[in-house]
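Undergrad: Listed here are the chains, written in short residue letters.
There are 2 protein chains.
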Amino acid sequence: MTQLADTDRTAPAAAETAAAARPTPRLASPVSAVGPDAADVTVDVAALGEQLLGRWAQARRESRALMADPAFHRIPELGMHEHRERTLEQLRQLAVTGSVLRAFPERLGGANDNGSNIASFEELLLGDPSMQIKAGVQWGLFGSAVLHLGTERHDDLLKPIMSMEMPGAFAMTETGHGSDVSAVGTTATYDAETDEWVIHTPFRAAWKDYLGNAAKHGRAAVIFAQLITRGVNHGVHAFYAPIRDENGAFLPGVGGEDDGLKGGLNGIDNGRLHFTNLRVPRTNLLNRYGDVDENGVYTSPIASPGRRFFTMLGTLVQGRVSLDGACVVASKLALTIGIRYGAERRQFTAESSDEVVLLDYQRHQRRLLPHLATTYAMSFAHEVFLDKFDQVFSGADDTDESRQDLETLAAALKPLSTWNALDIIQEAREACGGQGFLAENRLVQLRADLDVYATFEGDNTVLLQLVAKRLLTDYSKKFAKADAGALAAYVADQVGDAAMHRSGLRRLAQSVADFGSTARSVGYVRGTAAQRQLLTDRVETMVAELAGRLRGASRLSKADAATLFNRHQNELIETARAHGELLQWEAFTDALDHVEDAGTKQVLTWLRDLFGLTLIEKNLAWYLIHGRLSAHRAQAITDYIDGRLLPRLRPHAVALTEAFLLEPAHIRAEIATGVEHERQEEARSYYADLAASGLAPIDEKDLVAGKKARR
Amino acid sequence: MTQLADTDRTAPAAAETAAAARPTPRLASPVSAVGPDAADVTVDVAALGEQLLGRWAQARRESRALMADPAFHRIPELGMHEHRERTLEQLRQLAVTGSVLRAFPERLGGANDNGSNIASFEELLLGDPSMQIKAGVQWGLFGSAVLHLGTERHDDLLKPIMSMEMPGAFAMTETGHGSDVSAVGTTATYDAETDEWVIHTPFRAAWKDYLGNAAKHGRAAVIFAQLITRGVNHGVHAFYAPIRDENGAFLPGVGGEDDGLKGGLNGIDNGRLHFTNLRVPRTNLLNRYGDVDENGVYTSPIASPGRRFFTMLGTLVQGRVSLDGACVVASKLALTIGIRYGAERRQFTAESSDEVVLLDYQRHQRRLLPHLATTYAMSFAHEVFLDKFDQVFSGADDTDESRQDLETLAAALKPLSTWNALDIIQEAREACGGQGFLAENRLVQLRADLDVYATFEGDNTVLLQLVAKRLLTDYSKKFAKADAGALAAYVADQVGDAAMHRSGLRRLAQSVADFGSTARSVGYVRGTAAQRQLLTDRVETMVAELAGRLRGASRLSKADAATLFNRHQNELIETARAHGELLQWEAFTDALDHVEDAGTKQVLTWLRDLFGLTLIEKNLAWYLIHGRLSAHRAQAITDYIDGRLLPRLRPHAVALTEAFLLEPAHIRAEIATGVEHERQEEARSYYADLAASGLAPIDEKDLVAGKKARR
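Respectively, the protein sequence lines represent chains A and B.
Note that numbering that gives the first Met the number 0 gives residue 123 to position 124 of the first sequence, counting from 1, and the numbers run on in steps of one.
Note that numbering that gives the first Met the number 0 gives residue 543 to position 544 of the second sequence, counting from 1, and the numbers run on in steps of one.
Since the hints were derived computationally from the structure, they do not count as laboratory data.
None of these values were measured; they are calculated from a predicted model.
Heads up, the beta-carbon is just placed ideally off N, CA and C, and yes, glycines get one too.
Which bits of chain A does chain B cover? Going by a derived footprint, with three or more residues having C-beta under 8 Å, they are:
no. : stretch
1   : 197 to 207
2   : 253 to 265
3   : 356 to 364
4   : 433 to 443
5   : 446 to 458
6   : 556 to 568
7   : 627 to 640
If the Cβ cut is set under 7 Å, some of the chain A residues that face chain B in the computed set are:
no. : residue
8   : Gly78
9   : Gly175
10  : Glu429
11  : Ile572
12  : Leu619
13  : Ala620
14  : Ile624
15  : Arg678
Using 25 Å as the maximum straight-line C-alpha spacing, the simulated SDA-like pairs for lysine to any residue come out as follows:
no. : chain 1 : residue 1 : chain 2 : residue 2
16  : B       : Lys468    : A       : Tyr360
17  : B       : Lys557    : A       : Glu680
18  : A       : Lys557    : B       : Glu680
19  : A       : Lys215    : B       : Met79
20  : B       : Lys557    : A       : Tyr360
21  : A       : Lys617    : B       : Glu570
22  : B       : Lys468    : A       : Val355
23  : A       : Lys557    : B       : Glu343
Okay, chain A solo, but in the shape it has when bound (with noise of 0.2 Å):
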């Protein structure tokens, strides 16, 4: 760590950064908390919100608005069967208001709008989770896979899901096969003689498992299932079918279980299904991708079955798209309650005069403004990701490379923003203490429905995976028509900086160039162009070495190979986390050049460096190890986000939070409703009427240091 005299010397550094909004700076006192500048600018509520409300601010508003109304919020206190009833009826207000419908043609009554679709449906959130999930399993997975993957013979089954007539399910997960669905076990056979299909589960791992409405209120499902047909297996297919009567009895052919109470999300009814040689119509085939005919005669537009495999899962994407969408809007929720609190907050003792609130204390602003940040890039890269994902689904940018990119963006986000999410809860659940323990607070409850979001629609640890893949296989594609002689200097040059990291030759250098004042070295890891080329060479060379150490792999037998890449797997996540970490910088780099006032600009810089170094900083032994930092660069980076950022971040805290529009009835948290505040008022005025009195209580410190009681 560097001294206080060092840092101090940061200032007129830290001055230039603001230099256009603000041309005196002020001097630093040497132990002056808050920076010169924070106390200069102010942050322009009204603009930035509109600009975080993004393209689809006007599908966010009305959401927001049906949002505030007491019919759509949690009850904590419901049981496990009330809480399901009452998120189904709430289903069934919703689908009257039409906003949950946006997604569907308009021949259907639906807007064809997928973009405001997916926004609205992303704020439901603020009135329940479990009503956003439930939605989303009707609308957004069972609704969607009839119209994605049937054809316009099914138009008449997707009316009575929209208007909520036909709860169901989306029976593709089995207790066996959580992420690998081309291998699950069920299979639906045609049967030529009858016309029909016979699906059928053939052992227990093979049952359908934690499908949203199949404990209790689906009345029909999409079954994923072996599509079988003249001896021939066509691999995975969506098949539609009943599975209960108008009084909520299993059809013949169907059973299932209740998944029973959970760790969040209780208000959807979760279960299980399986099928004895359950019979359904040979048009029950959602046929867009695959078709039979009456003879049992398969075909298929798409003549790879890898290919059709892909694109009728492609449809699941949504999920992913929403899901990151939540995770911003839960995280601006339990960051307006967490600082608000914060910022009112005191510990009033009996006859100091101290105004400190929880979030002057340096640590408390360490706990908390990070996670600021990353709200607003996960915010802004939600933005780039809904934007890409409507072009995709719209059709104005529809092609397979688009579709893979789509797919990839899902898989380094939906990771991130669900981990990042209940960090960020948690953070804030704590920073407000035994209050944030208290439902009324709501910190604890939106938690625990969050907590699934890490494990469902893609486990996590799955999806980076995903991402390391494409990673290195574009990274391969790079050399695929290079000639040899372009590979080998590749090579060479890889060697050759190994040889200079190992040698400490290129760190020294830079431990030289180093020598002056820790200003220079902040300034130079300050600005974006520095945060960018850190963020990104990291990410490079990560998929360079694990391309390195994996080249090998084609000339190992399977086994062999298979344990080669298990022993890099760590470093196969860690790579996707830097690479989906980057897209959100990028994206909150790109929103800046959006914001015309120059307060908030400058505020937001501020914030964007905080996330940009605690990238930085969170890997900062990878930064010395492979010479991209030297140790005093490196200790100025913690120097300047703590002695520097959070000071003049702190400020603007509550007025970043106020940016994200939320209203009281969608915070409906009791400590963030001035009432803290309220009682800190009370409680200063007593403390002012004892003082006088003489009764005051004794100080602690006076306790500790063994003062006699003053009288």
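For this one, chain A is given, so just place chain B on it according to the hints.
TA: Then chain B, alone, in the frame of chain A:
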């Protein structure tokens, strides 16, 4: 990262470690996932289990036997009100068994055995954490306060407390004051005319809050209030007061509210209390450390109010001991479930002969095995802690100094174990995927219940600052008697050291020495002495650096000094954490000396190495910046963990959880009963038949590669 060839060079050196146990090491295959030595040793589960049970094994066994009774098990589906009533009933049953009364004096029917009381108490978590914490409120806080702060004149109060005839609240915390007990707002003013205390809540923030038993069951309370007599405030004292009549109605002068639903522990009726001139007899003052006679004259056996306050609060330490121990039990339970499932769960694919289970994946090992190492470290550290506690509370070693040491130990370990437990449970839950989210598998409810452990009985960040304070005090004592010359020499030392770091000379020298095989550099950090040196050096250096930075504080104004401290608050907390982790590591290392079986000792040594090296890896940037590790050595640590330690420990993972000796009646998670293994076998047999029939579903890899469907 070093390349494969480098990693392989560690093989001979790695074999060295195990030399004593296994004289002839086999050579490792280049891509073998498991080291050459892991399979050659076995863990003596019974002996290790006995060692883990520790000094109070008997009490733990008895308590676990009790917890095998379904009467003490949580029923997940119960609503808050039913759960509260069930928990109350469980406490009545516990009172009958007497197991929870071991700490009470023999004259009252107890055993005056503090160590076995806490050990027994910790295991209650296996039934239901709510029951454990409610028992802690009744006997550990409410009853213990009457016992330790009262005198024999209060013996009559204790009998009904012990038997649960008189459930009570421990009314210390106020809405406006979490950690700063000396500043509570509630007052108790002596009225000599009636010989009574008048207990009063002067403002809303002074309401007592979050009190177990306060919302419903409590009929009495120990109230902490400012003792005022004859116009003098003598600071905080404790008063016994009835609060509800036999029908559960508040007595005159008492009011309150229910805290309602919480994030967990909903078997406890937490609530708020406030007092409006509530009158209790003068003798209701718990008068061990301060008394008032009928004339209102205050006397105390402890002259210093500071020491008096400290002594009164000292009894609270047993809460922290038992939370630390409860977190060990919870972590053991979570890993027993998560590791068992990971060792059985397999992703079957149609025709692959793949026998890989989740725990064979490197990432899965990375997720769970370091947590297993931490759990062992926590368990051994807790044993040291509990022993220290018993020595103080039994009177065997009850001095001011040993009490202060105990307080510091509590403040260092409780934050680490409570945070660790949350991380461990969450990782286990995510590692179990969707199964982990079901209440029937217990992980989500366990995490929800333990969440608040991080902020009650002393907020973790506040406790860690107390530790840092103590470290700084001890450090400054070293120089209290030193003459100016010695201090100057010390400062020069520090400066010289800093210059060395800055120029990179020291690091460079180490780099040159390192320029050999990875084996040698890993060999260096792998040993016990090197781990101790690295961990200890970090704590000492951090303390010295902090002391250096805060040295000027005494010359500053009070406000500026506070600002200076605040600028280093994050470092203060990180220093305390490093200290606590070192304590855990030392306890683990000491425990190795008590392992007799050679195979067990080998495996436990690997596990301790994993703990130590994971700590060093977590703080790798610090070691690099401070020139304690070269880049090459730093990288070798990660390679050694991933390439050697994890594969070596993998085959022993299940045995290491079996040594926790938890029985099915304690585990009660469906996925940890072997059902997963049964499902796998059934699916395996199905696929074997299918392969013969030629109807195997299509393999995903073939699909992605675009191959034709096989027939």
